[in-house]
Amino acid sequence: MIIDVNFVGLIIASIMASAVPLILASCGELITERSGVLNLGVEGMMIIGAISGFALMTVTGSLIIAVFGAMLAGVLISTIFAFLTQTLITNHVATGLALTIFGIGISAMIGKNFVGIPGKEFPVLFEGLKDTIPLLSPILFGHSIVFYFAFALPFITSYFLKKTKIGLIVRAVGDSPESASNQGINVRLVRYACILYGGAMCGLAGAYLSMIYTPQWIENMTGGRGWIALALVVFSTWNPIKILIGAMIFGGLTIIQFHMQAIGVRIPVQFLTALPYIVTIIVLVVISRDSRKIRLSTPSSLGKSFHKDN
Amino acid sequence: MNTNLKISNVTKIYPGCVANDNVSLELNSGKIYALLGENGAGKSTLVKILSGVVIPDEGKIYLNKNILKLNSPSDAKKNDIGMVFQHFNLFETLSVFENLIIDSDEQRENLKEKIDTIMKKYNFSVDLDVPVLNLSAGQKQKVEIIRCLIRSPKVLIMDEPTSVLTEQETSELFLSLKKFSEEGILIIYITHKLKEVMQLCDEVAVMRRGKLVSVSQINNENIESLANKMVGQDLKTIKKKKENTSSEQLIKITNLNFTSEDPFETNLVDINFSLNRGECLGIAGISGNGQSELFQVLSGEIISNKNSIEFNKNFIGDLNPQERREYLMAFSPEDRLEQAAIPQMAIFENVALNNFKSSNFFNNGLINKSKIKEHSKKIISEFNVNTDNIDLKSQFLSGGNLQKLIIGRELITSPDLLICFNPTWGLDVGAINYIHETLIKINEQNKSIILISTDTDELLKLSDKISVIHRGKLSKIMNAEDVTSEKLGILMGGGN
Numbered sequence: 001m002i003i004d005v006n007f008v009g010l011i012i013a014s015i016m017a018s019a020v021p022l023i024l025a026s027c028g029e030l031i032t033e034r035s036g037v038l039n040l041g042v043e044g045m046m047i048i049g050a051i052s053g054f055a056l057m058t059v060t061g062s063l064i065i066a067v068f069g070a071m072l073a074g075v076l077i078s079t080i081f082a083f084l085t086q087t088l089i090t091n092h093v094a095t096g097l098a099l100t101i102f103g104i105g106i107s108a109m110i111g112k113n114f115v116g117i118p119g120k121e122f123p124v125l126f127e128g129l130k131d132t133i134p135l136l137s138p139i140l141f142g143h144s145i146v147f148y149f150a151f152a153l154p155f156i157t158s159y160f161l162k163k164t165k166i167g168l169i170v171r172a173v174g175d176s177p178e179s180a181s182n183q184g185i186n187v188r189l190v191r192y193a194c195i196l197y198g199g200a201m202c203g204l205a206g207a208y209l210s211m212i213y214t215p216q217w218i219e220n221m222t223g224g225r226g227w228i229a230l231a232l233v234v235f236s237t238w239n240p241i242k243i244l245i246g247a248m249i250f251g252g253l254t255i256i257q258f259h260m261q262a263i264g265v266r267i268p269v270q271f272l273t274a275l276p277y278i279v280t281i282i283v284l285v286v287i288s289r290d291s292r293k294i295r296l297s298t299p300s301s302l303g304k305s306f307h308k309d310n
Numbered sequence: 311m312n313t314n315l316k317i318s319n320v321t322k323i324y325p326g327c328v329a330n331d332n333v334s335l336e337l338n339s340g341k342i343y344a345l346l347g348e349n350g351a352g353k354s355t356l357v358k359i360l361s362g363v364v365i366p367d368e369g370k371i372y373l374n375k376n377i378l379k380l381n382s383p384s385d386a387k388k389n390d391i392g393m394v395f396q397h398f399n400l401f402e403t404l405s406v407f408e409n410l411i412i413d414s415d416e417q418r419e420n421l422k423e424k425i426d427t428i429m430k431k432y433n434f435s436v437d438l439d440v441p442v443l444n445l446s447a448g449q450k451q452k453v454e455i456i457r458c459l460i461r462s463p464k465v466l467i468m469d470e471p472t473s474v475l476t477e478q479e480t481s482e483l484f485l486s487l488k489k490f491s492e493e494g495i496l497i498i499y500i501t502h503k504l505k506e507v508m509q510l511c512d513e514v515a516v517m518r519r520g521k522l523v524s525v526s527q528i529n530n531e532n533i534e535s536l537a538n539k540m541v542g543q544d545l546k547t548i549k550k551k552k553e554n555t556s557s558e559q560l561i562k563i564t565n566l567n568f569t570s571e572d573p574f575e576t577n578l579v580d581i582n583f584s585l586n587r588g589e590c591l592g593i594a595g596i597s598g599n600g601q602s603e604l605f606q607v608l609s610g611e612i613i614s615n616k617n618s619i620e621f622n623k624n625f626i627g628d629l630n631p632q633e634r635r636e637y638l639m640a641f642s643p644e645d646r647l648e649q650a651a652i653p654q655m656a657i658f659e660n661v662a663l664n665n666f667k668s669s670n671f672f673n674n675g676l677i678n679k680s681k682i683k684e685h686s687k688k689i690i691s692e693f694n695v696n697t698d699n700i701d702l703k704s705q706f707l708s709g710g711n712l713q714k715l716i717i718g719r720e721l722i723t724s725p726d727l728l729i730c731f732n733p734t735w736g737l738d739v740g741a742i743n744y745i746h747e748t749l750i751k752i753n754e755q756n757k758s759i760i761l762i763s764t765d766t767d768e769l770l771k772l773s774d775k776i777s778v779i780h781r782g783k784l785s786k787i788m789n790a791e792d793v794t795s796e797k798l799g800i801l802m803g804g805g806n
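Those protein sequence lines, which keep their order, are chains A and B.
Mapping of the first sequence onto the numbering used here: position 218 corresponds to residue 218, and the numbering continues sequentially without gaps.
Mapping of the second sequence onto the numbering used here: position 176 corresponds to residue 486, and the numbering continues sequentially without gaps.
Since the hints were derived computationally from the structure, they do not count as laboratory data.
Treat each hint with caution, since some may be false.
Unchecked claim - Under the rule of at most 25 Å between Cα atoms (straight-line distance), these lysine to aspartate or glutamate pairs were calculated in the DMTMM-like manner:
id, chain 1, residue 1, chain 2, residue 2
1, A, Lys-165, B, Glu-692
2, A, Lys-165, B, Asp-426
3, A, Lys-304, B, Glu-648
4, B, Lys-375, B, Glu-408
5, A, Lys-163, B, Asp-572
6, A, Lys-293, B, Glu-402
7, A, Lys-293, B, Asp-572
8, B, Lys-783, B, Glu-477
9, A, Lys-304, B, Glu-402
10, A, Lys-304, B, Asp-426
11, A, Lys-163, B, Asp-426
12, A, Lys-165, B, Glu-571
13, A, Lys-304, B, Asp-645
14, A, Lys-163, B, Glu-416
15, A, Lys-162, B, Glu-416
16, A, Lys-163, B, Asp-413
17, A, Lys-165, B, Asp-415
18, A, Lys-293, B, Asp-415
19, B, Lys-464, B, Glu-571
20, A, Lys-163, B, Glu-408
Unchecked claim - On the chain B side, residues computed to face chain A include the following (Cβ under 10 Å):
id, residue
21, Asp-331
22, Lys-387
23, Asp-390
24, His-397
25, Phe-398
Stated by the list, open to error - Here are some chain A residues pointing at chain B (derived, C-beta under 10 Å):
id, residue
26, Lys-130
27, Thr-132
28, Ile-169
29, Ala-172
30, Ser-179
31, Ser-297
The C-beta atom is built at its ideal place from N, Cα and C for all residues, glycine as well.
Generate coordinates for the entire structure from the input sequences, incorporating the hints supplied.
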């Protein structure tokens with residue numbers, strides 16, 4: 001059997017495309033968690049982003065307004081979370097779960113009028129270069145700008161956390177909000193900013209799903225990707241590069257098991273469907289085994305409310 | 311240039327307590343000032359006001375005649391007031407350099423140069439690239455000091471800086487502080503250790519119950535006079551009577567090893583010792599050298615080889631703490647509110663946690679509340695716990711009262727052996743005295759104690775035998791009379 005290299009390239013490209021929303025949401029949540037805030041509302045923020053993007057695109061016709069609108073929607077809903085957890089000092093876990101339930105509900109309500117409407121075509125970059133290099137061309141060229149941004153994001157995030165002053169402050173707040181506060185860092189402000197940024201990235205991830213990946217609105221179309229994104233953050237031990245690896249494995253197995261089901265491999269379907277979840281977790285656990293490194297990258301104050309006493 | 315710091319009529323009231331009551335104090339550079347007081351005397355609140363962490367209800371602070379607005383820690387920094395907190399304000403998972411650069415506005419290279427200069431000048435050596443959690447307490451403190459010095463402060467406040475240091479580290483610190491003082495930095499040294507005040511300081515201000523009770527030259531004071539000012543009454547000091555202890559062996563530890571999976575714990579290597587009835591074995595060491603692991607192994611929180619612990623002729627190495635208690639062992643862990651008691655539970659409930667087969671606290675799975683309460687009242691009256699409300703949540707007891715309750719809970723069943731870990735950590739002089747008296751008393755009743763402590767003075771006062779733990783290894787057992795604090799300090803640092 002002769003395998004067409006361009007076909008392999010296309011499969012890899014489709015794997016990467018399915019990893020995009022995971023990478024975006026995980027990298028956003030990673031920043032939030034690095035500041036010590038556990039936001040379990042990722043799924044909710046993603047679905048809000050998805051419906052906002054799709055609705056704005058349909059109503060205004062402008063893709064730019066739609067994409068930024070979806071990010072803004074993510075910011076707005078995460079502002080609720082930030083206000084509750086940082087200003088009113090509510091429990092992170094309960095508030096995050098509520099956010100997800102809220103997001104799924106309200107998106108279904110808004111989405112009623114948008115079911116069945118076809119999406120718009122999203123422009124792709126470097127389309128002309130698509131046939132220049134075998135294997136690599138379909139991987140490198142002809143994708144949306146969000147796709148390229150997503151694959152740059154883990155590296156940007158890593159650079160931000162390790163090399164910049166603001167990244168250092170985010171890590172410091174996550175390590176010990178008490179010390180940070182005594183050093184004159186405004187803990188609440190930093191955490192607000194990190195939560196809002198996480199919201200924006202989740203909104204973008206949702207918009208990618210409803211506008212680019214499968215350009216249409218289906219109720220509950222995030223389908224648990226928010227939870228996978230959350231799990232990736234933890235199992236990657238808060239390392240953006242490992243998030244990239246995890247998201248690729250997850251995306252890859254999801255695509256491959258579809259193909260395996262299609263060609264009729266004699267493995268129970270349920271097992272094939274579960275495969276991406278199992279393998280992703282095993283791989284991430286294995287590559288993150290160094291308990292010293294875990295200790296150094298785990299935000300010590302994760303999920304704990306910080307209340308400045310005075 | 312001379313620095314003059316004036317604290318004028320400062321008052322800070324918390325619900326139910328006046329932390330600072332109209333405190334006025336004037337300080338000048340070139341001198342080291344001691345701020346002395348028991349826990350809760352208000353000295354921490356006062357320095358928190360000076361460092362901008364706490365805002366006073368009334369009163370003003372002047373630096374060189376200029377009024378200071380200290381609404382946040384950064385205000386204090388801007389006004390050249392540096393502070394080294396008792397509980398370090400460091401970010402454990404960040405590297406030393408990251409900890410230093412985080413609140414500095416300087417470029418990386420400039421800052422590195424500045425840090426190098428400071429380290430050379432004061433003979434500090436700290437690796438800038440390791441994460442802070444790998445440093446010893448003494449090194450962490452140096453990082454804190456460097457952080458202050460980078461900003462060339464006019465005032466440097468040290469809050470109980472020696473509580474985590476060895477003897478050698480303490481004298482190094484004192485040398486540095488004297489040098490800073492000569493260079494014109496005004497130093498405020500907060501402590502409740504009288505010996506240190508006499509060694510280091512030029513002037514001493516004593517606080518009691520939120521009030522400033524005296525300010526005097528150190529030359530006019532001695533340890534007794536300061537202690538009396540601090541407590542407000544005459545303290546009797548107790549001494550241990552050296553008696554002939556029995557030669558009957560109570561506990562014997564043979565080849566006890568513990569290997570931890572957690573890289574931040576210390577492994578115990580070949581622990582061997584034995585202890586007779588009526589004796590107190592003191593185990594000295596700098597914190598983090600395996601003390602908590604040793605305590606856990608001895609108490610049964612970590613189970614070891616059955617034959618490694620022989621107690622009263624029984625091999626009990628594989629028993630859990632509850633089972634060991636039935637053999638008349640008792641335990642007082644280091645962390646009172648995390649390990650010894652449950653903060654959100656009432657006093658009597660905490661008492662019931664120490665449940666014996668013989669105590670009848672539970673009938674057919676139901677709680678026998680009246681029995682427990684009766685038992686709790688007995689503990690409270692016998693061990694001088696200053697409360698009559700046994701329904702009070704234990705988190706509202708002061709450290710001293712809580713420790714008395716815990717020691718009482720352990721001792722009321724008259725165990726043969728009490729294992730305690732830093733029993734007087736963070737307590738005030740009165741409570742320390744009481745705990746020490748109690749420990750001496752149980753020795754006199756021919757019962758034994760294993761005292762794991764980081765306080766050398768306490769060990770020398772109470773122990774019959776002393777050993778030092780360093781990196782999970784126990785030194786040979788020495789007679790307490792043959793040991794000096796200098797010698798312990800050397801062993802604690804890993805010397806011979």
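These are the hints, each one checked on the structure:
The hinted pair formed by A/Lys-165 and B/Glu-692 fails the criterion: a straight-line CA distance of about 57 Å is larger than 25 Å. Under the criterion of a C-alpha separation no larger than 25 Å, the hint pairing A/Lys-165 with B/Asp-426 is consistent with the structure, at around 21 Å. Note on A/Lys-304 and B/Glu-648: the hinted pairing holds, with a Cα-Cα distance of about 17 Å set against a maximum of 25 Å. Using a Cα cut-off of 25 Å, the hinted pair B/Lys-375 and B/Glu-408 is violated, with the two alpha carbons roughly 36 Å apart.
Pair hint A/Lys-163 plus B/Asp-572 does not hold up; C-alpha atoms about 29 Å apart against a cutoff of 25 Å. A distance of roughly 13 Å separates the Cα atoms of A/Lys-293 and B/Glu-402; the hinted pair therefore holds under the 25 Å criterion. Taken as a hint, the A/Lys-293 and B/Asp-572 pair is honoured in the structure, with Cα atoms around 12 Å apart against an allowance of 25 Å. Pair hint B/Lys-783 plus B/Glu-477 holds up; C-alpha atoms about 20 Å apart against a cutoff of 25 Å.
A threshold of 25 Å between alpha carbons decides the hint, and for A/Lys-304 with B/Glu-402 the separation of about 17 Å falls inside it, so the pair holds. Distance hint between A/Lys-304 and B/Asp-426 is unfulfilled; the C-alpha atoms sit about 37 Å from each other, more than 25 Å. Simply put, A/Lys-163 and B/Asp-426 have alpha-carbon atoms about 21 Å apart, close enough for the 25 Å limit, and the pair holds. Under the criterion of a C-alpha separation no larger than 25 Å, the hint pairing A/Lys-165 with B/Glu-571 is inconsistent with the structure, at around 34 Å.
Under the criterion of a C-alpha separation no larger than 25 Å, the hint pairing A/Lys-304 with B/Asp-645 is consistent with the structure, at around 21 Å. As the CA atoms of A/Lys-163 and B/Glu-416 are separated by approximately 15 Å, the hinted pair is consistent with the 25 Å bound. Under the criterion of a C-alpha separation no larger than 25 Å, the hint pairing A/Lys-162 with B/Glu-416 is consistent with the structure, at around 18 Å. Between A/Lys-163 and B/Asp-413 the alpha-carbon distance is near 15 Å, which keeps this suggested pair within the 25 Å criterion.
About 10 Å separates the Cα atoms of A/Lys-165 and B/Asp-415, which keeps this hinted pair within 25 Å; it holds. Restraint check for A/Lys-293 and B/Asp-415: the C-alpha separation of about 29 Å exceeds 25 Å, so the hint is violated. Proximity of B/Lys-464 to B/Glu-571 is assessed by CA-CA distance (about 46 Å); at most 25 Å being required, the pair is judged violated. At most 25 Å may separate the alpha-carbon atoms for a hinted pair to count; A/Lys-163 and B/Glu-408 meet this at roughly 10 Å.
Among the interface hints, the one on B/Asp-331 is violated; its C-beta lies about 19 Å from the nearest C-beta in chain A, farther than the 10 Å criterion. For B/Lys-387, the interface hint holds, the least distance from its beta-carbon to any beta-carbon of chain A being 6 Å, beneath 10 Å. Below 10 Å, beta-carbon pairs count as interface contacts, and B/Asp-390 has none with chain A, the closest being about 14 Å; its hint is therefore violated. Annotation: B/His-397 was flagged as interfacial toward chain A, and the flag holds, the nearest CB pair being 8 Å apart, inside 10 Å.
Taking 10 Å as the C-beta cut-off, the interface hint given for B/Phe-398 holds, the closest approach to chain A being about 8 Å. The criterion of a C-beta within 10 Å of any C-beta in chain B is not met by A/Lys-130, whose closest approach is roughly 44 Å, and the hint is violated. Evaluation of the A/Thr-132 hint against chain B yields a violated restraint, the C-beta minimum of about 42 Å exceeding 10 Å. Restraint check, A/Ile-169 versus chain B: the minimum CB separation of about 6 Å is within 10 Å; hint holds.
For A/Ala-172, the suggested interface contact is upheld, since its CB lies about 5 Å from the closest CB of chain B, less than 10 Å. Evaluation of the A/Ser-179 hint against chain B yields a held restraint, the C-beta minimum of about 4 Å falling below 10 Å. Below 10 Å, beta-carbon pairs count as interface contacts, and A/Ser-297 has one with chain B at about 7 Å; its hint therefore holds.
Against the hints set out earlier in the document, violations occur for numbers 1, 4, 5, 10, 12, 18, 19, 21, 23, 26, 27.
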